[in-house]
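> Protein chains in written order, with the numbering used here: chain A, 5 to 360; chain B, 5 to 360.
Bear in mind the hints are in silico, worked out from the structure with no lab data behind them.
Relax, there's no trap hidden among the hints.
Since the list gives no way to pick out one identical chain from another, each pair is judged satisfied if it fits inside one copy or across any two copies.
Straight-line C-alpha distance at most 27 Å; calculated DSSO-like pairs for lysine-lysine:
#1 Lys45 / Lys130
#2 Lys141 / Lys130
#3 Lys141 / Lys47
As the structure is a prediction and not an experimental result, all values here were calculated from the model.
Chain residues, written in single-letter form:
Protein chains: 2
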Amino acid sequence: VRAVSRRRKAAQTSESPVTTGGLTIGDVGEFGLLDALGLGKRKFRSGWVGPGDDAAVLPAPENPIAVTTDLLAEGVHFRRTTASPREIGYKALAVNLSDLAAMGAKPIAYTIAAAFPPDLELTWVKDLYRGLDEAAKAFGCPLVGGDTSRCATIFLSLTLLGQCARRGAVLRSTAEPGEDLYLSGNTGESAAGLAVLERGEDRADPVFAPLVLRHLRPTPRLGLGRELARRGLATSMIDVSDGLAQDAGHISRMSGVGLRVEAERLPLSAALSAAAARLGLDPLILMLSGGEEYELLFTARPEDRKSVAEAGLLCRTDITRIGTVFEGESVVLLDADGKPIPLKTGTGFDHFRQRT
Amino acid sequence: VRAVSRRRKAAQTSESPVTTGGLTIGDVGEFGLLDALGLGKRKFRSGWVGPGDDAAVLPAPENPIAVTTDLLAEGVHFRRTTASPREIGYKALAVNLSDLAAMGAKPIAYTIAAAFPPDLELTWVKDLYRGLDEAAKAFGCPLVGGDTSRCATIFLSLTLLGQCARRGAVLRSTAEPGEDLYLSGNTGESAAGLAVLERGEDRADPVFAPLVLRHLRPTPRLGLGRELARRGLATSMIDVSDGLAQDAGHISRMSGVGLRVEAERLPLSAALSAAAARLGLDPLILMLSGGEEYELLFTARPEDRKSVAEAGLLCRTDITRIGTVFEGESVVLLDADGKPIPLKTGTGFDHFRQRT
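If we strip away everything but chain A, and leave its shape as in the complex, we get:
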């Protein structure tokens, strides 16, 4: 369930009529399409969460059920030339598990719809499923069903079910002014790993290898997500899949709050620092705009700082307080002197517009 932004502010203003004559999908882009379809504005009964968060939530007798669907299209989300089928399979499941992590949910099971060109080698498909199986075993999410067909290019869609904490799923829309903003692990490493692959650099180079691995075999923060949800510590949560700045923007818009990110607090890993220097890339930009990092970005009450730190220790995951929530709107990046650093807008990944 990718971001179908429920723009609180936008919903309050009068709607402009949607003119669609002659427009193509490419014209409106992914987010425009979801807006045009009105998917973010649908009403659901109490206890339900529809499109717009990391997963949908359905009420159930004990723990609510989280459902998340993602699709991976060859040439858009992966290329057969830069990743092995086993890596593609592993990652396909891992990134969906990250959506469950961001709801604080425990994986139950998944289904897959897969379309392959008829001339694709069977060994490729077997290796894809080997990668899926590896992630399924590592994170406890068995394959229970699916469907296959043929297609001109490879197309995969996974749907995962998860069990939320009894107190419910952690949403994107429930941050409150005065709270702290946290990030698990660090961001930018996956983006640097992708740059290594795309530029055809030596992925076995010891400076690059860990970043490439991070890009190809992300680790969903399932344990931390559940712990934060179970103990009611995270007041809102999202996983970093579009980029830290953009994903912070989702929390900001959906919660109707502003988020202050202190650039100096962002955790810069030594590995990223070294690789960025070699690649001639700005680590700050990688940390802020790199997608597919699959860390958890969440808010928590200031009085829970000690408990949040404990949760990180328990789950053996670094947690960094990177900013605060304020009464306002949008995401503001501050330098060491507290002065705003301009954030480029529209740097997010749009599956219809970006050509890969």
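Please build the complex by placing chain B on the supplied structure of chain A, with the hints as guidance.
Chain B alone, transformed into the frame defined by chain A:
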């Protein structure tokens, strides 16, 4: 969750090593692929149903949850030239609901993964969702999430969740010798409707129109499926999506029983009779091999004949007793004199092999 046949008999014999060197997906076909991946042989804990039935089943505190995933690829499952986007959307959801019906489950919600070519008109997509919405409202299955991307050809994957009866889902694998075999409604009409569309006949012709409608707007037998499940009447059940003969074969193989179908008992509708004559097609072949009919094929104990008839009356659905279950294997078609009519094998629809 399409048929991943758990061939009981096959599993008892020694396995031949799977040689995959140089084989393509097209070589092994859809069912061969699932066998090669070993998806039908996986073990699940008690209370779980994995691949191989109309839906997977997950245990839950009160009613078990059914999950079914289907994919629709342009050029394989639909063509933009023969169906409108609204018809495609309606049907996409309706056929998945039929899988829930075959488990005796009540729809809860669905998600969709959709990939579109960037040059596709936005109005096409809006009409697709209009069709989806129509079916969602008609059968009570709201859209709760999804994902979109671009792709060379249109690709849709739907995942539905359903609530099973408390006593559990009705499986394909639980028919017993001595039971009766039943069919809801009638088969062949959808196949005739497809022939009308494929041959470019006048779909507004009063002889053809109802069959085309049946093909484009199938009605999942949700009410009947639930009633049969709730009252424990159906001992096994499947929906007719591959063709009556082939779907009977799934029950036969998975239950380890033989099925006797009496040709004379098969319900031939006046509409099919008239259309088949005009099209020069054999109605019996249409009734037996026509896929996408979305009727329920189920078994029940002989002592429940009256109760089964009552369930049909209650759900305003014709139910016909078309045969019996016997100790044996495979599906046998008998003529009016009780003599076997040879059934062509391999007439089922294989998404990798069949070129459309």
